[in-house]
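Peer 1: As given, the protein sequences belong to chains A and B, one line each in that order. So that you can map any letter, position 117 of the first sequence is 117 in our numbering, and since no number is skipped, the others follow by simple counting. So that you can map any letter, position 166 of the second sequence is 166 in our numbering, and since no number is skipped, the others follow by simple counting.
In case anyone wonders, no lab produced these hints; they're calculated from the structure. Keep in mind that the hints are not guaranteed to be accurate.
[Stated by the list, open to error] Okay, derived cross-link-like pairs now, EDC-like style, lysine to aspartate or glutamate, Cα gap no bigger than 20 Å in a straight line:
| id | chain 1 | residue 1 | chain 2 | residue 2 |
| --- | --- | --- | --- | --- |
| 1 | A | Lys181 | B | Asp68 |
| 2 | A | Lys195 | A | Asp179 |
| 3 | A | Lys181 | B | Asp154 |
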Amino acid sequence: MSNLEQTASPVAYDAEPRGDTTATYLPRRRLEIGRRGLQLLSWLAPAILLVVWELLAQGGWLSPQVLPAPSKVIKTAFKLTTSGSLLNDLGVSLLRAVAGFAIGGAVGFTLGILVGFSRIAEAAIDRSVQMIRAIPFLALLPLVIVWLGVGEAEKIFLVALGVTFPIYINTNLGIRQVDPKLIELGRIQGLGTLKLIRRIVLPGALPSILTGVRYALATAWLALVVAETIGAQSGIGFLAMDAREFLRTDVIVLTIVIYALIGVAADGIARFLERRLLAWHPNYGGAR
Amino acid sequence: MTLHVAPSAAAVSPAVVVTNLRRAYGHRVVIENLNLRIERGEFVALLGESGCGKTTLLRALAGLDPIDGGRIAAPRRPAVVFQEHRLLPWDSLWRNVSLGLQAGNARERAAAALAEVGLGDRLDDWPRNLSGGQAQRVALARALVQEPELLLLDEPFAALDALTRIRMHDLVRELVTTHRPGVLLVTHDVDEAIALADRILVMREGRIAFVYRTDGRGKTSIARTELLTELGVSAVHPIPARIF
């Protein structure tokens, strides 16, 4: 072998099959395994965490008053569902979220459109809105409670407040970012103001508006959690606070999981809307 | 309003008549005492160095900018094709072409216009799936579907590759022969002007400084030399070697 290597011409050397040729394929194979492996690992890690949690709880190392076993949480979920109270509370919470979102969304959208189109409206409204926006809306909670008490109005108001600003800002921004050349084209094609808004301005602003919707969904949820934690008589937050009184950590964990699931669902809805409404957009649609 | 609707009195109806047009930005006068008449079916090219006022003239004719003096008389709102296609990315091709058409048979008219530019099978496609030349053809269809009496072309082929540009020239010539609008083509390209126009204007310092009529063929080399001289290209460049 060593003799052959010494006498081989450069051409022969190039043509010679060598043991190390596999090395050139190695990085690619490693990547392939890596991608699948990482995917698996990303699901494996939380699964292992759940199993360890379950084992620790079953073995008595983890006090049920600190953290109940996952299986206990599932059992509690089942029990509360069949007894009817969980679904009722979930419905109450969702209703508050939807009502607040509808009101806040309508206000934010209307203001955003007004300010986006009219210099006068911008001068009159924008600074005030920006100033109010600088306040973390949760800081207004004590004031809101003084005004509205701790009833439904207070909860819906807080959600609406959290929703208004992201919708307002992104609607306004979207309108401003519409290509002026397209608006010019609309004029040339003889579009009136209303048609110009419907055919060019709103579709052009839609990506930004939907981004606002996604932010708003997140803040709406946050607002709801906070509002329901204080003086609620029903709803998921009430369930959690009620459970706290009796150290029912299984119920508390359950409510946390429910909040998380609804957050994921809301994000899914926003993504779905983006895919449907922005099918034309290379960054969102994908499908032809 | 910059467009004054005037009934055409003469036997040959002009697509546009510009009288003593003046346009200034502050103290800087861009167009002064400009007169121009384009008949229906006539193809006029407008050459000139950057900043000579040719785009300003086109925008004034399109009614996009106000004018500071004089008069622009056009029977109807002109159609415009820009250097960029300006298609609405969120609308299908037929919706783009029918933009501004009154409802009713909008889709059929858009379909006919798209067929004319060779895209009759792409009615429901998105603009982002088009090449540059195809997008510009849609823009042409959108302009012509309005049946304009005056068609303004603002360097519409400048961003296209050479082969596509030649194909577009053929298409435009064909469409103008069919629809017979008056055409004003603003361009940097002397050869393009010679290839397409009946009349070539050279604009300088806000006025029309030179007029060239391309009556028939065969005089293109003279036209080229003359026009380049008018445009201030002093050295007489030889015509590229003939391939055909």
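Peer 1: Each hint should be assessed against the structure and marked as holding or not.
Peer 2: We went through each hint and held it up to the structure:
no.: 1; hint: A:Lys181 to B:Asp68; result: 23 Å, violated
no.: 2; hint: A:Lys195 to A:Asp179; result: 16 Å, holds
no.: 3; hint: A:Lys181 to B:Asp154; result: 13 Å, holds
The structure fails to meet hint 1 from the earlier list, while all remaining hints are met.
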